[in-house]
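Engineer: Okay, here's what each chain looks like letter by letter:
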Amino acid sequence: MISFKDKIILVFRSFFLQSVFNYQSFQNIGFVFTIMPFLKKIFKDNESLKKSVKRHLEIFNTQPYMVGFVAGNVLKMESEKKDEKEIKNIKQALACAYASIGDRIFWSRLRVIVGEFTFFIFVILHLCCYKTGTVESVMVAIFVPTIFYSFYTVYIRYVGLDYSWKCGGTRNCALDSFNWNKMIRMMSRVSFFLTIILFVMTIFLYGFFYIDYGSKKEVLIYILILPIAFYIQRYFRRDKKNIFYPISAMVLISIVMGLFL
Amino acid sequence: MKEIFLVILAGLLNLDNVSAFQFLVSRPSFAGAVIGYLSGYPVQGFLIGMLLELVILDFTPVGGVTIPNGTVAVIVSVLLLPKTNPYLAFFLGLIAGEGYSYVEKYLRGFRNRFNSICENMIERYDFNLWKIIALSMILDVIVFSLYSLISVYILSFFAIKLNTDYVFKVSQMALIGTVFITLTSLYFKFKTQVGKND
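Going down the list, the sequences are from chains V and X. With this note's numbering, you'll find the first sequence wraps up at 300, consecutive numbering, no jumps. With this note's numbering, you'll find the second sequence wraps up at 400, consecutive numbering, no jumps.
Worth double-checking, as some hints may not be accurate.
To be verified - BS3-like cross-link-like pairs, simulated, lysine-lysine; straight-line CA separation at most 30 Å:
1) Lys89/V to Lys79/V
2) Lys333/X to Lys93/V
3) Lys221/V to Lys205/V
4) Lys279/V to Lys333/X
5) Lys93/V to Lys391/X
6) Lys333/X to Lys280/V
7) Lys44/V to Lys120/V
8) Lys89/V to Lys391/X
9) Lys371/X to Lys256/V
10) Lys205/V to Lys127/V
11) Lys44/V to Lys80/V
12) Lys371/X to Lys280/V
13) Lys333/X to Lys80/V
Stated by the list, open to error - Some residues of chain V that are not near chain X, with every Cβ distance over 12 Å (derived):
14) Ser42
15) Phe43
16) Lys79
17) Glu86
18) Lys127
19) Gly141
20) Asp142
21) Tyr197
22) Thr209
23) Tyr245
24) Ile294
What the hints assert, rightly or not - Chain V side only, calculated, beta carbon under 8 Å to chain X, not exhaustive:
25) Thr185
26) Ile264
27) Arg277
28) Ser293
If you're looking for bench data, these hints aren't it; they were derived computationally from the structure. In this text, a Cβ means the ideal position worked out from N, Cα and C, and glycines have one as well.
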């Protein structure tokens, strides 16, 4: 059986999954490090422990927050002394599946939502609550979304371990523990909505702080920056170029526009 | 001396990026605010970090891909603040951040050696992997700190040389344009995602 203490230790060790991230075997050392205390419990003699550790030192790569979903399953199979080949196959299949889900939830959406919330909190505290000092607004803005995000990721690591331990040994283990598709859809909508608000808010702040001041020529140039930025982003993104292309183009255009100011 | 302390602190925060925890304390807005607070520019540090974060958010770190490092970008920008205007500091930081993605790629290749070290340890029935984990993280902090420090010294030269009214206006316009480019990019990214979902 896996105790509460074991789970806490496994979750804590999973924080270091990517510490030795390398191109040869990706997160292999981190994964072995994560499950090592429990492997030691399963394999009492050094020889069988060594054999098991060597098996797990093969290529491993998944989304770091989702490692619990793989680790719990692997440990359950190891504790039931399942066939080595089966353990390897299920481990790789689940690592790929959870990497795809985790990347879409955390890296593509939640990370952006956290960034956008940081900006909103700062703007709201700074502009609406005059009593709040700027430094205090900054501190609240950075800490609040980070704390929520951190708790959520620890929760996912823990719950993943819990679910996958219960259904360990099956290829689709814990894949139905959450309605992932619904979650991804919802996060896409939230991100989209927040981006629109952020866009509107930035245009408002820009108009308020920049465009109102200066000569007519300056005002005209500052207004022109918006459609120029929009156009060059669309131009370069058509060819799937990374964001440094439109930024470099913007710098070049600014060098030319600077001559007229 | 203070610069060295701040660079090491940023190196420790940077561990959160890939090596440990992933609590997002290495994201530019967070690191920028903390480093800015300690160096006397809390608000500027946060704002530069926030804008750098908008650029970095355009990249997705999937499948071992190295993306521009926001923590390097923000530490370099903040340390350049006393020498130049914040707009130029932003762009110089961004260059340093992009440069670090190549260093990170090299580091990941270098860490392949840890595989054979680990195998040798296991052969000797030494299962204490903390040693390798700690060694790898120390290496990370050292490389990060050295890279940031060298970048600050090299870019300071350009920052001082380019500290003119013309460059101020150009970098200000370019930064405003960059903000709208990143926002447009985010807007179309999520519009496509929502469209696909429906």
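Engineer: Now look at each hint and say whether the structure bears it out.
Structural biologist: Do the hints match the structure? See the list:
For a cut-off of 30 Å, the pair hint linking Lys89/V to Lys79/V stands: about 10 Å separates their Cα positions. At roughly 17 Å between alpha-carbon atoms, Lys333/X and Lys93/V fall within 30 Å of each other, so this suggested pair holds. Distance restraint check for Lys221/V and Lys205/V: the Cα-Cα separation of roughly 23 Å lies within the 30 Å cut-off, and the hinted pair is therefore satisfied. Annotation: proposed proximity of Lys279/V to Lys333/X is violated, straight-line Cα distance about 42 Å (limit 30 Å).
For the proposed pair Lys93/V and Lys391/X, the alpha carbon gap of about 42 Å is over 30 Å, so the pair is violated. Our distance criterion of 30 Å between C-alpha atoms is broken by Lys333/X and Lys280/V, whose separation comes to about 41 Å. A hinted pair counts as satisfied when its Cα atoms are at most 30 Å apart, and Lys44/V with Lys120/V qualifies at roughly 22 Å. Distance restraint check for Lys89/V and Lys391/X: the Cα-Cα separation of roughly 47 Å exceeds the 30 Å cut-off, and the hinted pair is therefore not satisfied.
A threshold of 30 Å between alpha carbons decides the hint, and for Lys371/X with Lys256/V the separation of about 13 Å falls inside it, so the pair holds. Restraint check for Lys205/V and Lys127/V: the C-alpha separation of about 19 Å stays at or below 30 Å, so the hint holds. With a C-alpha separation of about 13 Å, the suggested pairing of Lys44/V with Lys80/V holds against the 30 Å cut-off. At roughly 27 Å between alpha-carbon atoms, Lys371/X and Lys280/V fall within 30 Å of each other, so this suggested pair holds.
Straight-line distance between C-alpha atoms of Lys333/X and Lys80/V comes to about 21 Å, which keeps the hinted pair within the 30 Å bound. Listed as outside the interface, Ser42/V is consistent with that label: its C-beta sits roughly 20 Å from the nearest C-beta of chain X, beyond the 12 Å cut-off. With a minimum CB-CB distance of about 21 Å to chain X, Phe43/V clears the 12 Å threshold, and the non-interface call stands. With a least beta-carbon separation of about 7 Å from chain X, Lys79/V fails to lie farther than 12 Å from that chain, contradicting its non-interface assignment.
Once the 12 Å rule is applied to beta carbons, Glu86/V is inconsistent with being away from chain X; the minimum gap is 9 Å. For Lys127/V, the requirement that its beta carbon stay farther than 12 Å from each beta carbon of chain X is met, with the minimum near 17 Å. Its beta-carbon lying about 9 Å from the closest one in chain X, Gly141/V breaks the requirement of being farther than 12 Å from that chain. With a least CB separation of 5 Å from chain X, Asp142/V falls inside the 12 Å interface cut-off, contrary to its annotation.
Tyr197/V, annotated as away from the interface, keeps every beta carbon of chain X farther than 12 Å; the closest lies near 15 Å. Residue placement check: Thr209/V keeps its beta carbon more than 12 Å from all beta carbons of chain X (closest about 26 Å). Not every beta carbon of chain X lies more than 12 Å from that of Tyr245/V, the smallest distance being close to 7 Å; the non-interface claim is violated. Distance to chain X contradicts Ile294/V as a non-interface residue, since its nearest Cβ pair spans about 5 Å, not more than 12 Å.
For the restraint placing Thr185/V at the interface with chain X, the shortest Cβ-Cβ distance is roughly 5 Å, inside the 8 Å limit, so the hint holds. Hint status for Ile264/V: holds, given a least beta-carbon distance of 5 Å to chain X, under 8 Å. For Arg277/V, the interface hint is violated, since its Cβ never comes within 8 Å of a Cβ in chain X; the closest pair sits about 11 Å apart. About 4 Å separates the beta-carbon of Ser293/V from the nearest beta-carbon of chain X, less than 8 Å, and the hint is met.
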